[in-house]
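Use the sequences and the hints to build the structure in full.
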Amino acid sequence: MGTFDKACSCKRPTQCQHPYFIRYRDAGGSQREESGFRTQDDAKDRLVALYAQKSKTPASKAELIRHYGQMRFENFVGDYMGRQRRLSYGTVYEYEHLARNHLIPELGSRRVETFTPLVVENFLTTMDRLGTPDPTQFKVYVLLKTLLLDAHRKGAIEAHPLEDVDAPQYEAERAVVPTLNVNNIVADDVYRVTEQVHYRTKKLERLKHRKPGEFREVPLPRSIRESIDRFVEKHGTTEDGYVLQGTRGKHMNHGTINAIWYRKLPGKNVHIPRGMTIYGNRHFFASNCLAHNIPITDVADWMGHKSIEVTFRIYRHLMPASIGRAARLLDRGLHDLAA
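If you use this note's numbering, the sequence shown corresponds to residues 1 to 339, in order.
It should be emphasised that the hints constitute simulated quantities derived from the structure, not laboratory data.
Honestly, I wouldn't trust all of these hints.
[Unchecked claim] Using 27 Å as the maximum straight-line C-alpha spacing, the simulated DSSO-like pairs for lysine-lysine come out as follows:
| hint | residue 1 | residue 2 |
| --- | --- | --- |
| 1 | Lys154 | Lys54 |
| 2 | Lys306 | Lys139 |
| 3 | Lys154 | Lys61 |
| 4 | Lys145 | Lys61 |
| 5 | Lys6 | Lys54 |
| 6 | Lys250 | Lys264 |
| 7 | Lys250 | Lys234 |
| 8 | Lys6 | Lys145 |
| 9 | Lys44 | Lys54 |
| 10 | Lys11 | Lys44 |
| 11 | Lys44 | Lys6 |
| 12 | Lys56 | Lys154 |
| 13 | Lys264 | Lys234 |
| 14 | Lys56 | Lys44 |
| 15 | Lys139 | Lys154 |
| 16 | Lys234 | Lys268 |
| 17 | Lys44 | Lys61 |
Next comes the structure, spelled out in C-alpha cells:
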C-alpha cells in the first residue's frame with residue numbers, strides 16, 4: 001500500500017516535530033512521494049485514501065495512465081496531433097512549427113508524468129532568457145497548456161501542471177493600416193491566405209471553423225470589383241476560372257503573396273505605409289467596418305472568427321471613432337441636464 005517515515009535524524013523520531021512523508025505507487029505504477037504530515041495517523045489516512053482510489057481505478061485506465069505517463073513529451077506531441085480531427089490545417093501547421101522550434105528542443109526528452117508547475121516556470125524563464133518575442137511566447141504557452149491539460153485529464157500528470165504558473169502576457173501592438181479616409185468598406189484581404197491553400201498539397205482547403213463545402217460571404221466594394229473586371233478583360237482567367245495563379249502551383253498561396261508584397265511592390269509606384277504588413281489589410285477592413293457602425297456580429301462572421309469575443313479582443317484598439325463618439329454623446333447629455 002505504501003510506507004511512511006521521517007527525513008530527520010532525531011533520536012526519537014516519533015516524538016519530534018518534523019513532518020512525516022509517504023511513498024506509494026500510483027495507478028500507473030510510478031512511485032510518488034508526499035510530505036507535510038504532522039502525525040502518523042495523518043500519514044496512514046492519506047495512504048488508505050490513496051489505496052482506495054487506486055483500487056477503484058479500472059485496469060484499462062491504469063494502463064492508459066502508465067502508457068502516457070511514461071511517454072516522452074516529443075512522442076506525446078505527435079500522439080496528440082494525431083488525435084485531433086477538427087483542427088484546421090493552418091492551426092496544425094502553426095502547432096507543428098511551435099512544437100518543433102520551441103517545445104521539443106527544451107522539453108522533448110522529458111517524461112510526461114514529470115511535468116510540474118516548476119518545470120513550466122523554468123521553461124518560460126528559458127524563453128525569456130533566449131529573447132523569444134512576446135507574441136511567440138504567448139503562442140507557445142497556449143500550446144503547452146493545451147498539451148499538459150490533455151495529459152492531466154488522462155491521469156498521466158497527477159497534480160495540476162499549471163497551478164500558480166505566471167503565464168506570459170501579451171497585448172497586440174497597434175497595427176499599421178492605410179490612413180486613407182474612405183467611406184466604402186475595403187475588403188482587399190478578408191480571407192486568411194493560409195486558410196485557402198494548403199501549405200503542403202498546394203490545394204484549396206475548407207475554411208477555418210467551417211465544414212467542407214461551407215463558405216462565408218464578404219462585402220465586395222464596387223471599386224474592387226471593377227478592378228477585377230478590368231484585369232480579367234485584359235489578362236483572362238485560368239482554366240479553372242481563377243483570376244490569379246501561383247508561380248509554381250495552380251493556386252496562389254501565402255508564400256507567393258509574401259514575395260509580391262515584400263520584394264516586388266517596394267520600389268514600384270505603390271505607396272505602402274511604413275511598417276504595414278499583409279495582415280494590415282484585414283485590420284483595415286475590420287477597423288473601417290467597426291468605425292462605421294457595422295455590427296460586430298457581422299464583422300466577426302466576415303473575418304471568419306468563431307465568436308465575437310475574438311473580434312473584440314483583436315480589433316478593439318482599431319476603433320478610435322468610438323471614443324470620440326462616446327465623448328460627444330456624454331457632452332450632449334451633460335448639456336441637456338444643465339439646460
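Right, here's what the structure says about each hint:
At most 27 Å may separate the alpha-carbon atoms for a hinted pair to count; lysine 154 and lysine 54 meet this at roughly 15 Å. Between lysine 306 and lysine 139, the direct Cα distance comes to roughly 18 Å. Compliance with the 27 Å bound is thereby established for this hinted pair. Our distance criterion of 27 Å between C-alpha atoms is met by lysine 154 and lysine 61, whose separation comes to about 8 Å. For the proposed pair lysine 145 and lysine 61, the alpha carbon gap of about 22 Å is at most 27 Å, so the pair holds.
Simply put, lysine 6 and lysine 54 have alpha-carbon atoms about 24 Å apart, close enough for the 27 Å limit, and the pair holds. A threshold of 27 Å between alpha carbons decides the hint, and for lysine 250 with lysine 264 the separation of about 20 Å falls inside it, so the pair holds. A hinted pair counts as satisfied when its Cα atoms are at most 27 Å apart, and lysine 250 with lysine 234 qualifies at roughly 20 Å. For a cut-off of 27 Å, the pair hint linking lysine 6 to lysine 145 is broken: about 35 Å separates their Cα positions.
Of the supplied pair hints, the one linking lysine 44 and lysine 54 holds, its CA atoms being roughly 15 Å apart against a limit of 27 Å. Distance check on the hinted pair: lysine 11 and lysine 44 sit about 22 Å apart at the alpha-carbon level, within 27 Å; holds. For the hint pairing lysine 44 with lysine 6, the CA-to-CA distance comes to about 13 Å; that is within 27 Å, so the pair holds. For the proposed pair lysine 56 and lysine 154, the alpha carbon gap of about 16 Å is at most 27 Å, so the pair holds.
A threshold of 27 Å between alpha carbons decides the hint, and for lysine 264 with lysine 234 the separation of about 21 Å falls inside it, so the pair holds. The hinted pair formed by lysine 56 and lysine 44 meets the criterion: a straight-line CA distance of about 19 Å does not exceed 27 Å. Distance hint between lysine 139 and lysine 154 is fulfilled; the C-alpha atoms sit about 23 Å from each other, no more than 27 Å. For a cut-off of 27 Å, the pair hint linking lysine 234 to lysine 268 stands: about 21 Å separates their Cα positions.
With a C-alpha separation of about 25 Å, the suggested pairing of lysine 44 with lysine 61 holds against the 27 Å cut-off.
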